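4 protein chains.
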Amino acid sequence: MIVVLKKGIEDSVVTKIAKRVEEMGLKAHVIVGTERTVIAAVGEKRNGEQETLESYPEVEKVVPILAPYKVASLETKLEHSVVETGSLKLGNGHLGVIAGPCSVESEEQILESAKAVKAAGATALRGGAFKPRTSPYSFQGLKEVGLQYLAAAREATGLSIVTEVMTPEHVDLVAQYSDVLQIGARNMQNYHLLQAVGEIDKPVLLKRGPSATIDEFLLAAEYILDGGNSNVILCERGIRTFEAHTRFTLPLATVPYLKERTHLPVVVDPSHGTGIASLVKPMALAGIAAGADGLIIEVHPNPAEAASDAAQTISTEAFADLMVQCRKVAGALGYKMAEAVGV
Amino acid sequence: MIVVLKKGIEDSVVTKIAKRVEEMGLKAHVIVGTERTVIAAVGEKRNGEQETLESYPEVEKVVPILAPYKVASLETKLEHSVVETGSLKLGNGHLGVIAGPCSVESEEQILESAKAVKAAGATALRGGAFKPRTSPYSFQGLKEVGLQYLAAAREATGLSIVTEVMTPEHVDLVAQYSDVLQIGARNMQNYHLLQAVGEIDKPVLLKRGPSATIDEFLLAAEYILDGGNSNVILCERGIRTFEAHTRFTLPLATVPYLKERTHLPVVVDPSHGTGIASLVKPMALAGIAAGADGLIIEVHPNPAEAASDAAQTISTEAFADLMVQCRKVAGALGYKMAEAVGV
Amino acid sequence: MIVVLKKGIEDSVVTKIAKRVEEMGLKAHVIVGTERTVIAAVGEKRNGEQETLESYPEVEKVVPILAPYKVASLETKLEHSVVETGSLKLGNGHLGVIAGPCSVESEEQILESAKAVKAAGATALRGGAFKPRTSPYSFQGLKEVGLQYLAAAREATGLSIVTEVMTPEHVDLVAQYSDVLQIGARNMQNYHLLQAVGEIDKPVLLKRGPSATIDEFLLAAEYILDGGNSNVILCERGIRTFEAHTRFTLPLATVPYLKERTHLPVVVDPSHGTGIASLVKPMALAGIAAGADGLIIEVHPNPAEAASDAAQTISTEAFADLMVQCRKVAGALGYKMAEAVGV
Amino acid sequence: MIVVLKKGIEDSVVTKIAKRVEEMGLKAHVIVGTERTVIAAVGEKRNGEQETLESYPEVEKVVPILAPYKVASLETKLEHSVVETGSLKLGNGHLGVIAGPCSVESEEQILESAKAVKAAGATALRGGAFKPRTSPYSFQGLKEVGLQYLAAAREATGLSIVTEVMTPEHVDLVAQYSDVLQIGARNMQNYHLLQAVGEIDKPVLLKRGPSATIDEFLLAAEYILDGGNSNVILCERGIRTFEAHTRFTLPLATVPYLKERTHLPVVVDPSHGTGIASLVKPMALAGIAAGADGLIIEVHPNPAEAASDAAQTISTEAFADLMVQCRKVAGALGYKMAEAVGV
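Chains as they are written, first to last, in our numbering: chain A, 1 to 343; chain F, 1 to 343; chain E, 1 to 343; chain C, 1 to 343.
Treat the hints with care, as some may be off.
Dumping the calculated DMTMM-like pairs for lysine to aspartate or glutamate here, alpha-carbon to alpha-carbon at most 20 Å [what the hints assert, rightly or not]:
{"hint": "1", "chain 1": "F", "residue 1": "61", "chain 2": "A", "residue 2": "60"}
{"hint": "2", "chain 1": "C", "residue 1": "115", "chain 2": "C", "residue 2": "79"}
{"hint": "3", "chain 1": "F", "residue 1": "70", "chain 2": "C", "residue 2": "60"}
{"hint": "4", "chain 1": "E", "residue 1": "61", "chain 2": "A", "residue 2": "216"}
{"hint": "5", "chain 1": "E", "residue 1": "61", "chain 2": "A", "residue 2": "75"}
{"hint": "6", "chain 1": "C", "residue 1": "70", "chain 2": "C", "residue 2": "215"}
{"hint": "7", "chain 1": "E", "residue 1": "115", "chain 2": "E", "residue 2": "317"}
{"hint": "8", "chain 1": "A", "residue 1": "77", "chain 2": "E", "residue 2": "35"}
{"hint": "9", "chain 1": "E", "residue 1": "6", "chain 2": "E", "residue 2": "58"}
{"hint": "10", "chain 1": "C", "residue 1": "7", "chain 2": "F", "residue 2": "75"}
{"hint": "11", "chain 1": "F", "residue 1": "61", "chain 2": "C", "residue 2": "155"}
{"hint": "12", "chain 1": "C", "residue 1": "61", "chain 2": "F", "residue 2": "169"}
{"hint": "13", "chain 1": "C", "residue 1": "143", "chain 2": "C", "residue 2": "155"}
{"hint": "14", "chain 1": "C", "residue 1": "6", "chain 2": "F", "residue 2": "75"}
{"hint": "15", "chain 1": "F", "residue 1": "61", "chain 2": "C", "residue 2": "75"}
{"hint": "16", "chain 1": "F", "residue 1": "19", "chain 2": "A", "residue 2": "305"}
{"hint": "17", "chain 1": "A", "residue 1": "70", "chain 2": "E", "residue 2": "60"}
{"hint": "18", "chain 1": "C", "residue 1": "61", "chain 2": "E", "residue 2": "305"}
{"hint": "19", "chain 1": "C", "residue 1": "6", "chain 2": "F", "residue 2": "35"}
{"hint": "20", "chain 1": "E", "residue 1": "77", "chain 2": "A", "residue 2": "60"}
{"hint": "21", "chain 1": "F", "residue 1": "77", "chain 2": "C", "residue 2": "35"}
{"hint": "22", "chain 1": "E", "residue 1": "7", "chain 2": "A", "residue 2": "75"}
{"hint": "23", "chain 1": "C", "residue 1": "202", "chain 2": "C", "residue 2": "84"}
{"hint": "24", "chain 1": "F", "residue 1": "27", "chain 2": "F", "residue 2": "11"}
{"hint": "25", "chain 1": "C", "residue 1": "19", "chain 2": "E", "residue 2": "305"}
{"hint": "26", "chain 1": "F", "residue 1": "143", "chain 2": "F", "residue 2": "155"}
{"hint": "27", "chain 1": "F", "residue 1": "202", "chain 2": "F", "residue 2": "169"}
{"hint": "28", "chain 1": "E", "residue 1": "336", "chain 2": "E", "residue 2": "58"}
{"hint": "29", "chain 1": "E", "residue 1": "16", "chain 2": "C", "residue 2": "305"}
{"hint": "30", "chain 1": "A", "residue 1": "77", "chain 2": "A", "residue 2": "107"}
{"hint": "31", "chain 1": "C", "residue 1": "61", "chain 2": "F", "residue 2": "260"}
{"hint": "32", "chain 1": "A", "residue 1": "61", "chain 2": "E", "residue 2": "215"}
{"hint": "33", "chain 1": "A", "residue 1": "6", "chain 2": "E", "residue 2": "79"}
{"hint": "34", "chain 1": "F", "residue 1": "6", "chain 2": "C", "residue 2": "35"}
{"hint": "35", "chain 1": "F", "residue 1": "61", "chain 2": "C", "residue 2": "215"}
{"hint": "36", "chain 1": "E", "residue 1": "61", "chain 2": "C", "residue 2": "305"}
{"hint": "37", "chain 1": "C", "residue 1": "61", "chain 2": "F", "residue 2": "11"}
{"hint": "38", "chain 1": "C", "residue 1": "27", "chain 2": "F", "residue 2": "35"}
{"hint": "39", "chain 1": "A", "residue 1": "61", "chain 2": "E", "residue 2": "216"}
{"hint": "40", "chain 1": "C", "residue 1": "7", "chain 2": "F", "residue 2": "35"}
Hint data in this document are derived by calculation from the structure and do not stem from the laboratory.
Treat the numbers as computed from the prediction; the structure is a model and nothing was measured.
Please take these sequences and the hints and turn them into a complete structure.
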């Protein structure tokens, strides 16, 4: 940490703060500048020392040197990770595509969706059984029945399942049916839930919260990793900004930025990231070009009949076209992406 | 809802969409403008019709007319609510001040804090026993022992207790000790938690999420109200914006804006809202001037020793001074605020 | 500056970068930490050294220690400045209130406005003659005729005039009529305009751009100060955030934050800051409570007939009520504010 | 426009507002809903009627139906425009790449840059002669001498020149040397400047302001188009959001969103959009995949020696590599992009 003192601080105060730094188990280097004195605190830990030092009125600011996350860091594990479960393989050059409806609505709907997305080349099926909805008056999902339909769709198609879990007490239930457990954006900092999925042995897809910084995002992943589960997939799904023409702003620079700092795979969600069906394809292509390890896309046999997220859901035909284009971009850049299997 | 169609849409499509509107149980009025046709859908419900209509490629946009929340609305209950529990009374002209440390650290610390804030005029004691922390490596709170210390502080001072609950399975435990259950900003859309506190008979202080719109905030409250718990206090604690010189941006216009729309009391948190101790007093004063029903403030006998949030925590002396000034502003504007009781 | 190097950088590179620091005329202190090496560059100037050092691939980040502005700093001039011109006095305990219509529309309209705001206690008259409008199809102002009407209103009431100048070539013209030249939010970084008003001897009211950081805001003021004009009034008028229920988000913490760092007076614009007439009074009161040196408010004899900004303009009656309340809050906190003179 | 009235408004008020709508030359349709009455105002113009109607206290909100821009709209000109000047051709399937240093520093530097970017396949040269700088203490550009060096580089390489103009009085001077005039992000709403470049017959590259909405961006273009200059290139260069790990957030969904609404070509600036050299290539690739008509990129023979924007500037070697990859993606998607000419 670098502790920047205010102008004109007396030597005795500098000494007092340097002493406090040493009491924290750090080594204090006092550097007297022309206008300011700073104290470099070497041996930084990550336990709130920064806030303590900031609380001194004589301190202008405290600048951390080290990233606050550890296990997620590419400095800790030098090679990019691959997450693999059943039909889904993501990371280190392998592109995975997770596709399916926002909500599981019926056995027919999820089965039809699964077959169509598989035919187009998707490598996993998404579908919500427990649905976090902004309004208590909206459809809340089919719950366990939805999970059973998802399992039936896996049975029929071989596609791995990705579905959301919303609360710690459902983790075992969802893990019983699903191959990957999704933590939604609203729950990115639901720490009991993160701890609960940290204790299972299935991969977790962690969505970035719409106002989470990169450090907060990686620290949320760190909760899962710290629990012993090393199979975490990060998902950029858009942030909240002043832009109102799209549902969220999809900041694709997150992808290469994360990949310089963490070994965890990064996927992009152009459906939530834009909220507009016609923008899903260009942003899926852009995501791959930016270096994403995969995509997660909302697809429905009949978007206008979808029980949720209709405006951002693309049809199975549009998805097939999207996949054709994605394979072109992936091919041009040398990424490995599954071929379409056709009908 | 108003369904705005794209330019040059054929009559047959207009008819098709109007028919779909009628199938939703709404009445469709088609209005042919000079450049656009719009369909006014009368009899609006709040169940996702908007998204469905937005999914038609011929639809430019859909504009809802009604607010999506109901029970929270000032149109439903025409008078501003008062929440009262023990020493705390908030709303409709009564100002309550909730003060205390970020974390409960020891019995002595919370007791000393409680006595000091009471002496200065606070009407409730805050203190975290279960702490949501960005990093898994930070202090996570004393948990049930912390709750016991809080109860002891209430015993000693008569101050009502406000403390956070982080997960549904802890709701009963926390409700056993605390007078008001706080839902933190990170959990504003943790729906299982909202449902759980909707079923208890103690007031809930709901903090606005840092990227929540006002509609999302009121819909989160609606989850609690819909569960049968009508004692909800809304708390503005700052939003995430591009401003980096403060921890969050504290948008005080939320206060009068909410009070035009909801009967629920609104309190302001200038500690989290700024993240900087020296800004807490001016923003507390501004919150009262803006019409807030109360304040929630982080106070510690020795901020530099605080286990968490040290940089934004004020000393008990600074709090006493803040209260003197707050009483002046409240008095000037005719609000009722408790007098200091002294030591 | 603190230059943080990436992990595992070889000593030869550390030496190379330290040498480069010395070539910049700074003194380099190399501090070897447990995980990182940092170089403290002492003797910091403000000429782009930061960017140069950031361009090295081995550099993780560069953290400046000194604020980039100088003349505006409270470290340079230790006492808060007062800006005074005719009827307007602002700063260091003196509250000024600038009120009037968004646009000058006619001689009668501006005269009626001036008399009404003066009667209520305003100490300066605002009104736009040159209007920056988002759309080329909107009313662009009466231009020089508008300036003449403003001068006539000053003649009749004694109120100082505040009006906007949009382009360098108009600076002399506007300065001929107006007592204070306003730089609008859209022009906060129009450097030729800043330089032009830096050369005149009349006060400048500089509005914060809607996405300007505090450093950028103070550096814009620095352009004016650097030109030799020391009478700069800073104006917080709202920033752009994800909040869409108000026109802008009014971050009042700007006021005390600025006053800790600069000697320049700070005023608040609750009209643009909210965009909603009913929110103007509470946010004006909050601004004063937060420590603002003044207010600038849009007032029109008949808001529904206003040529621009109708939705955020309050009536002269509402303004008179606002002033009564503002005087109460100012009085409670010991600020000097002009009394109403009545009709 | 749709005028939404508050709940429980009396019939006489509805009639009064509907009458006002008719006085504006619009046709008023009153629609009585179950909870609200709305007035559809048909025949919408774009002259401030919305604000006037919003100023009525009985009005909840006013929703415009039509986009506020006209000439820029794809509804006005149904085909995507191509902008062509010398070596630069952009739009409707043609990709142009504008590359070069942030600032012109010397004749050698700009000539070396020009040759290198041409060899790699760039189709225009960028370089700043008049530099808008946040701080008055930073290098402000070589001014007219810089323009002369740019012209010499065009002479030597055949590359068209793109350079910024900052103030109306420089428009003729800059137009004398440059092929395309750039309006920087800080000046996007400098209306006198927009009007000045609207009167010349050279293309204008208009950068989006960091907090501009899409409507504001297109209305800024409309100022230029309305002046008679139809050769406007839009440039997405990043917006200001809470993200601090990049200089700006680059929202690539702007590209397909704009292309659905306007016929003007859209280019992406991954240099300013990220502020970090290592992110420029992935975001350039992503921009092309998202459908951009071109790129504008900061390239310098020796980034560490660059007089400005060093941290986001890539070397000529890195640019050559970027171009190889861009051509692959462009080829995969069927866009026309110039081949590298080699040294």
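Hint by hint, here is what the structure shows:
1. For the suggested pair residue 61 of chain F and residue 60 of chain A, the alpha carbons sit about 48 Å apart, so the restraint of at most 20 Å is broken.
2. Annotation: proposed proximity of residue 115 of chain C to residue 79 of chain C is violated, straight-line Cα distance about 34 Å (limit 20 Å).
3. For the hint linking residue 70 of chain F to residue 60 of chain C, the alpha-carbon distance of about 16 Å falls within 20 Å, and the restraint holds.
4. For the hint pairing residue 61 of chain E with residue 216 of chain A, the CA-to-CA distance comes to about 19 Å; that is within 20 Å, so the pair holds.
5. At roughly 16 Å between alpha-carbon atoms, residue 61 of chain E and residue 75 of chain A fall within 20 Å of each other, so this suggested pair holds.
6. Straight-line distance between C-alpha atoms of residue 70 of chain C and residue 215 of chain C comes to about 11 Å, which keeps the hinted pair within the 20 Å bound.
7. Between residue 115 of chain E and residue 317 of chain E, the direct Cα distance comes to roughly 12 Å. Compliance with the 20 Å bound is thereby established for this hinted pair.
8. The hinted pair formed by residue 77 of chain A and residue 35 of chain E meets the criterion: a straight-line CA distance of about 15 Å does not exceed 20 Å.
9. Our distance criterion of 20 Å between C-alpha atoms is met by residue 6 of chain E and residue 58 of chain E, whose separation comes to about 6 Å.
10. Distance check on the hinted pair: residue 7 of chain C and residue 75 of chain F sit about 8 Å apart at the alpha-carbon level, within 20 Å; holds.
11. This hinted pair does not check out: residue 61 of chain F and residue 155 of chain C have alpha carbons roughly 50 Å apart, beyond 20 Å.
12. Taking the CA atoms of residue 61 of chain C and residue 169 of chain F, the gap is about 42 Å. The hint is violated against a cut of 20 Å.
13. With a CA separation close to 19 Å, the supplied pair residue 143 of chain C and residue 155 of chain C stays within the 20 Å bound.
14. Among the hinted pairs, residue 6 of chain C with residue 75 of chain F is consistent with the structure: their alpha-carbon atoms are about 10 Å apart, no more than 20 Å.
15. The suggested pairing of residue 61 of chain F with residue 75 of chain C holds, with an alpha-carbon distance near 16 Å, which does not exceed 20 Å.
16. A C-alpha spacing of about 14 Å is found between residue 19 of chain F and residue 305 of chain A, which places the hinted pair at or below 20 Å, so the restraint holds.
17. With a CA separation close to 16 Å, the supplied pair residue 70 of chain A and residue 60 of chain E stays within the 20 Å bound.
18. Taking the CA atoms of residue 61 of chain C and residue 305 of chain E, the gap is about 17 Å. The hint holds against a cut of 20 Å.
19. Only pairs whose Cα atoms come within 20 Å are accepted, and residue 6 of chain C paired with residue 35 of chain F is rejected, the gap being roughly 27 Å.
20. This hinted pair checks out: residue 77 of chain E and residue 60 of chain A have alpha carbons roughly 18 Å apart, not beyond 20 Å.
21. For the hint linking residue 77 of chain F to residue 35 of chain C, the alpha-carbon distance of about 15 Å falls within 20 Å, and the restraint holds.
22. Of the pairs offered as hints, the one joining residue 7 of chain E and residue 75 of chain A holds, with about 8 Å between alpha carbons and a cut-off of 20 Å not exceeded.
23. For the given pair, residue 202 of chain C sits about 10 Å from residue 84 of chain C by alpha-carbon distance, which is consistent with the 20 Å threshold.
24. A hinted pair counts as satisfied when its Cα atoms are at most 20 Å apart, and residue 27 of chain F with residue 11 of chain F qualifies at roughly 18 Å.
25. With a C-alpha separation of about 14 Å, the suggested pairing of residue 19 of chain C with residue 305 of chain E holds against the 20 Å cut-off.
26. Our distance criterion of 20 Å between C-alpha atoms is met by residue 143 of chain F and residue 155 of chain F, whose separation comes to about 19 Å.
27. At roughly 16 Å between alpha-carbon atoms, residue 202 of chain F and residue 169 of chain F fall within 20 Å of each other, so this suggested pair holds.
28. As the CA atoms of residue 336 of chain E and residue 58 of chain E are separated by approximately 55 Å, the hinted pair breaks the 20 Å bound.
29. The straight-line distance between the Cα atoms of residue 16 of chain E and residue 305 of chain C is roughly 14 Å, inside the 20 Å bound, and the hint therefore holds.
30. As the CA atoms of residue 77 of chain A and residue 107 of chain A are separated by approximately 42 Å, the hinted pair breaks the 20 Å bound.
31. In summary, the hint linking residue 61 of chain C to residue 260 of chain F is supported, as the alpha carbons are separated by about 14 Å, within the 20 Å threshold.
32. As the CA atoms of residue 61 of chain A and residue 215 of chain E are separated by approximately 15 Å, the hinted pair is consistent with the 20 Å bound.
33. Proposed proximity of residue 6 of chain A and residue 79 of chain E is supported: the alpha carbons are some 17 Å apart, at most 20 Å.
34. Only pairs whose Cα atoms come within 20 Å are accepted, and residue 6 of chain F paired with residue 35 of chain C is rejected, the gap being roughly 27 Å.
35. For the suggested pair residue 61 of chain F and residue 215 of chain C, the alpha carbons sit about 15 Å apart, so the restraint of at most 20 Å is met.
36. Proximity of residue 61 of chain E to residue 305 of chain C is assessed by CA-CA distance (about 17 Å); at most 20 Å being required, the pair is judged to hold.
37. Straight-line distance between C-alpha atoms of residue 61 of chain C and residue 11 of chain F comes to about 29 Å, which puts the hinted pair past the 20 Å bound.
38. A threshold of 20 Å between alpha carbons decides the hint, and for residue 27 of chain C with residue 35 of chain F the separation of about 13 Å falls inside it, so the pair holds.
39. For the given pair, residue 61 of chain A sits about 19 Å from residue 216 of chain E by alpha-carbon distance, which is consistent with the 20 Å threshold.
40. For a cut-off of 20 Å, the pair hint linking residue 7 of chain C to residue 35 of chain F is broken: about 29 Å separates their Cα positions.
Violated hints, in rising order: 1, 2, 11, 12, 19, 28, 30, 34, 37, 40; the structure is consistent with all others.
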